[in-house]
Amino acid sequence: KAGVTQTPRYLIKTRGQQVTLSCSPISGHRSVSWYQQTPGQGLQFLFEYFSETQRNKGNFPGRFSGRQFSNSRSEMNVSTLELGDSALYLCASSLGGPTNSPLHFGNGTRLTVT
Amino acid sequence: KNEVEQSPQNLTAQEGEFITINCSYSVGISALHWLQQHPGGGIVSLFMLSSGKKKHGRLIATINIQEKHSSLHITASHPRDSAVYICAPTFGNEKLTFGTGTRLTIIP
Numbered sequence: 004k005a006g007v008t009q010t011p012r013y014l015i016k017t018r019g020q021q022v023t024l025s026c027s028p029i030s031g032h033r034s035v036s037w038y039q040q041t042p043g044q045g046l047q048f049l050f051e052y053f054s055e056t057q058r059n060k061g062n063f064p065g066r067f068s069g070r071q072f073s074n075s076r077s078e079m080n081v082s083t084l085e086l087g088d089s090a091l092y093l094c095a096s097s098l099g100g101p102t103n104s105p106l107h108f109g110n111g112t113r114l115t116v117t
Numbered sequence: 015k016n017e018v019e020q021s022p023q024n025l026t027a028q029e030g031e032f033i034t035i036n037c038s039y040s041v042g043i044s045a046l047h048w049l050q051q052h053p054g055g056g057i058v059s060l061f062m063l064s065s066g067k068k069k070h071g072r073l074i075a076t077i078n079i080q081e082k083h084s085s086l087h088i089t090a091s092h093p094r095d096s097a098v099y100i101c102a103p104t105f106g107n108e109k110l111t112f113g114t115g116t117r118l119t120i121i122p
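Keeping their order, the protein sequence lines are chains A and B.
What the first sequence shows, in my numbering, is residues 4 to 117, in sequence order.
What the second sequence shows, in my numbering, is residues 15 to 122, in sequence order.
Bear in mind the hints are in silico, worked out from the structure with no lab data behind them.
All residues carry an ideal CB built from backbone N, CA and C; glycine is no exception.
The reader is advised that the hints may include incorrect statements.
Have a look at the derived ranges for each label pair, beta carbon to beta carbon [what the hints assert, rightly or not]:
#1 A:F72 x B:S96: 19 to 29 Å
#2 B:S96 x A:R12: 19 to 29 Å
#3 B:K82 x A:Q20: 37 to 47 Å
#4 B:K82 x A:T117: 36 to 46 Å
#5 B:A90 x A:Q20: 47 to 57 Å
#6 B:G30 x A:R70: 45 to 55 Å
#7 B:T26 x A:T17: 20 to 30 Å
#8 A:P42 x B:T26: 18 to 28 Å
#9 A:I15 x B:G66: 43 to 53 Å
#10 B:G71 x A:N103: 21 to 31 Å
So that you can see chain A by itself, here it is in the shape it has in the complex (with noise of 0.2 Å):
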């Protein structure tokens, strides 16, 4: 069985510039979650998707957004990227979300903001 799968593995983008950032779960998961992993705060939630449904948000600002599509595949989208915004994405897919099923992790996305 294939795992999560990530794309791509490595962006370099421009502040004011907006990215994409894949994620195909595992086949038959239906939740995926995103993470923002950063050296001065660790790992953070940012949101999970089930169904297509988003379900929770973290703190995040409104230019972080999400959406899962009926095959389960999930795309995160950030616009108007800051320095700030250069981190490790990770996401996760489960069977039924965090509260009640193991996680399997991607490789992440490491976005770079110069």
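Starting from the structure of chain A, add chain B where the hints point.
Only chain B this time, still in chain A's reference frame:
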């Protein structure tokens, strides 16, 4: 505010030693995940617990709901266990809150 505290922050041990990493949280939880992160970033989920104890190979995770405390134990530690270990409880809303992590180094 849902708070998570992990200890110790850093731990260095000799190969073969028994390792314990602790996680405390401030309010009731639905489940707690233990995660392992190796240099380079990849995260592996080790356990998901809502009560009791789970064992997988040399790893054991326990949780005490009344005490709001969980522990991760590694028996017969090995250099390949060197990694950052992170506890992550959920508070009933599909939202993970993360501990600051424990950096474990096992010396051969």
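Verification of the hints:
1. Take A:F72 and B:S96: their Cβ atoms lie about 38 Å apart, and the range 19 to 29 Å is violated.
2. Restraint check, B:S96 to A:R12: a C-beta distance of roughly 24 Å satisfies the suggested window 19 to 29 Å.
3. A C-beta distance of roughly 43 Å is found between B:K82 and A:Q20, which places it inside the suggested range of 37 to 47 Å.
4. As the Cβ distance of B:K82 to A:T117 is approximately 43 Å, the hint placing it in 36 to 46 Å holds.
5. Between B:A90 and A:Q20 the C-beta distance comes to about 50 Å, which sits within the given range of 47 to 57 Å.
6. Between B:G30 and A:R70 the C-beta distance comes to about 49 Å, which sits within the given range of 45 to 55 Å.
7. Evaluation of the 20 to 30 Å hint for B:T26 and A:T17 yields a failure: the beta carbon distance comes to about 41 Å.
8. Between A:P42 and B:T26, the C-beta spacing of about 21 Å keeps the proposed range 18 to 28 Å intact.
9. For A:I15 paired with B:G66, a C-beta distance near 46 Å keeps the hint of 43 to 53 Å intact.
10. The hinted window of 21 to 31 Å between B:G71 and A:N103 holds, with their beta carbons roughly 24 Å apart.
Checked against the numbered hints above, the structure violates hints 1, 7; every other hint is satisfied.
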